[in-house]
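Using the sequences plus the hints, can you model the full thing?
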Amino acid sequence: MTIEAMEFHRYLVSLRQDGDPIEVVVELTPEAIADAGFDGADDLELVRATIAFLTSRQRADELPANLAFEGVVAAYPDFADAVRADLAR
1 MTIEAMEFHR YLVSLRQDGD PIEVVVELTP EAIADAGFDG ADDLELVRAT IAFLTSRQRA
61 DELPANLAFE GVVAAYPDFA DAVRADLAR
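In terms of our numbering, the sequence shown opens at residue 1 and continues consecutively.
Keep in mind that a hint or two might mislead.
To be verified - The calculated label-pair distances, taken between Cβ atoms and stated as ranges, are:
1) 78 with 10: 23 to 29 angstroms
2) 77 with 7: 29 to 35 angstroms
3) 39 with 62: 29 to 35 angstroms
4) 29 with 87: 14 to 20 angstroms
5) 7 with 34: 16 to 22 angstroms
6) 59 with 34: 29 to 35 angstroms
7) 62 with 34: 27 to 33 angstroms
8) 19 with 87: 28 to 34 angstroms
9) 7 with 45: 30 to 36 angstroms
10) 59 with 2: 25 to 31 angstroms
11) 59 with 39: 28 to 34 angstroms
Read the hints as simulated data drawn from the structure, not as lab findings.
For glycine and all other residues, C-beta sits at the position ideal for the given N, C-alpha and C.
This is the structure:
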């Protein structure tokens, strides 16, 4: 997985699934980070942990092309705890 910072708190994540390239743009706003309780977390590590969380539950090629961090937080009740554990490693 590679992560490139784009503009306006957006990150391009490049992955491979069965040899095929997959790109996902993750929007990670300061407000969403604060609301989820991740103040002070490194943005790139938070994006990496978010994608790792999602791909542990579904295939990378099933991820949407554009992914809002707050949408992930809202959709998965166990997300914050799982990502905190990941970031603590």
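- Message: Tell me the numbers of any earlier hints that the structure contravenes, in ascending order.
- Response: 9 and 10
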